[in-house]
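Enquirer: Now for the letters of each chain:
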Amino acid sequence: MSRPKGAIVGIGELKPQRLTSGVRTLEVIAEVSRLAVLDAGLDPAAIDGLLVGPQVGETPQHVPATIAEYLGLAPTMANVVDLGGASGAGMVWRAAAAIEAGMCETVLCVLANNREETPPRSPNRNPIREFDVPFGASGANISYALLMQAHMAAYGSTARDFALIAAAARANAQLNPDAIFFGKPADVEAVLASPIIASPLHLLEIVMPVAGGEAVVVTSVERARSLRKPPVHLLGAGEKVTHRAVSQAPSLTSGPLKSAMARAFQQSGTRADEMDLLSLYDCYTIMVATTIEDAGLCAPGQFGAWLNDHDLSHKGDKPLNTHGGQLGFGQPDLAGGMTHVVEAVRQLRGEAGERQIGKAGLALVTGNGATMSEATALVLGAA
Amino acid sequence: MSVDLNTLKTPGPTITALTKPFWDAAAEGRLTIQHCEDRGKAIFYPRPICPHCWSKRLVWKDASGRGRLKSFSEVHKPGHAGWLPVAPYVVGLVELVEGPTMLSFILAGTRPLQIGDMLRLAPTAIGGRVLPAFKPVEPGAEEKPQ
Ligand SMILES: [Zn+2]
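Taken in sequence, the protein lines are chains R and V. Its first residue numbered 1, the first sequence is counted upward by one per residue in my numbering. Its first residue numbered 384, the second sequence is counted upward by one per residue in my numbering.
Hints in this document: simulated from the structure, not taken from any laboratory. Heads up, some of the hints might be wrong.
[Claimed, not checked] Only pairs whose alpha carbons sit at most 27 Å apart, straight line, appear in this in silico DSSO-like list of lysine-lysine:
hint	chain 1	residue 1	chain 2	residue 2
1	R	K184	R	K318
2	V	K403	R	K184
3	V	K518	V	K424
4	V	K392	V	K424
5	V	K424	R	K240
6	R	K318	R	K359
Required output: the full structure, derived from the provided sequences and hints.
Expert: Structure (structure tokens):
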């Protein structure tokens, strides 16, 4: 195993809510940042690095400065990470790299969102707005439906194969009282009986948008040794960005996570089949299917058989998204991707309570943005 | 279709000086795309430089209007309310015979759509503007030159 590149020493998570009214994003950021820094046992003054996400509708520019001012921080490294659902994972290696470069020592990575009845639309003037939207393709549902249809045609994967992923997420969410679908399991039949939103995609194969927030504190491996929580080490990372619009995707059945994960495994000296936890980005069922295949856990097109061969619960041989994934937990906008980081840290610390996995040495975390466009993979390890 | 697509209040394209030749041609029922003279490759969507080699030697040429359906979706819940009156409707990824892929509106044929179906350009007035939509080539149909 390789030398760790950095350590996650604090995590914060807010219970997702369907709606907030009259709440600023900044307020949610403050609440969740406080939780992460408390968890690390640090004084806020110890935070000298700040990584944040874009904020559609509230703070179009100067986001790090606005947040630093609001939180009373004066970071010596600050930036926006704008990789959609890969932003959370993307922040973790950037924090470690900034520490390694001597720019700062302890970085707060935070993503959070409010959710009004009518969320602000981003006023795009880019190619996707000009060449996709006028033809009737607005929003991510249609893009992922196109990916799913292509997978079914290429490999003969079935609606039931995909429904297994949603049902497993819902099942795992029954052990997470904070999950939006806690107390609301849905089996394969329920997923298949839910309405078609954009064929072949069913409603229950799509995350529910919620308000929420996630934060992690990253510091050096040396500094982590003296802090109160068992550190979780960043052992390897990989990233790749290939396109924005689904029409420009190099492939519809494999994505940039394939090379991002390969790099993360190579950097960490690990293999996909050694992971004790799979914390895989799951905006839609098709995203998990493609990630399982791109990780090399099974041959291309064989995810359905793979799912049938494995138990994805915390007690199973392949625990996958033990927090319920975003399909079970809810998707707090960009923070949704960071739920996969936070759950991995919980599991690797042995703090996951009644959903604690048995052996918890290594975790694969993936992030995915836009339409299988922006990909970040992390291999995390217990110290 | 019971609702006239042309009466929809759907968002139109955000045209710039660079992309205007594409939309001007579309209004005349043609599909015109850029070709890189250095690599001989067709590109879509329009750009000031070739995304393959960054050459600026790009010329507009009318495409054949023929393509292959790479994927499609029947949209029951549109992302924009302007499309509600015609839902469900079909969008698809069209791999043009020239090479590039574009997303387009797919008109219904006589048979259920399948990935791999051959398509041809079917200029269609949608939301007050003629768009380069596509429709399936019917089995046995004579391919008319565009
Ligand atoms: Zn070129």
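Enquirer: Assess, step by step, whether the Cα of V/K403 is no farther than 27 Å from the Cα of R/K184, and give holds or violated.
Expert: violated, 51 Å
Enquirer: Run the distance test for V/K392 versus V/K424: straight-line Cα separation, threshold 27 Å.
Expert: Judged against 27 Å, a Cα distance of about 36 Å means the pair is violated.
Enquirer: V/K518 and V/K424 were given as a pair; does the straight-line alpha-carbon distance stay at or below 27 Å?
Expert: Within the cut-off at roughly 25 Å; holds.
Enquirer: Quickly compare the C-alpha distance for R/K318 and R/K359 to 27 Å and report which way the hint goes.
Expert: Between R/K318 and R/K359 the Cα gap is close to 11 Å, so the pair holds against 27 Å.
Enquirer: Check the hint pairing R/K184 with R/K318 against an upper bound of 27 Å on the C-alpha distance.
Expert: Holds, because 23 Å separates the two Cα atoms, which is no more than 27 Å.
Enquirer: Does V/K424 pair with R/K240 here, judged by a C-alpha cut-off of 27 Å?
Expert: holds, 25 Å
Hint violations for this structure: numbers 2, 4, all remaining hints satisfied.
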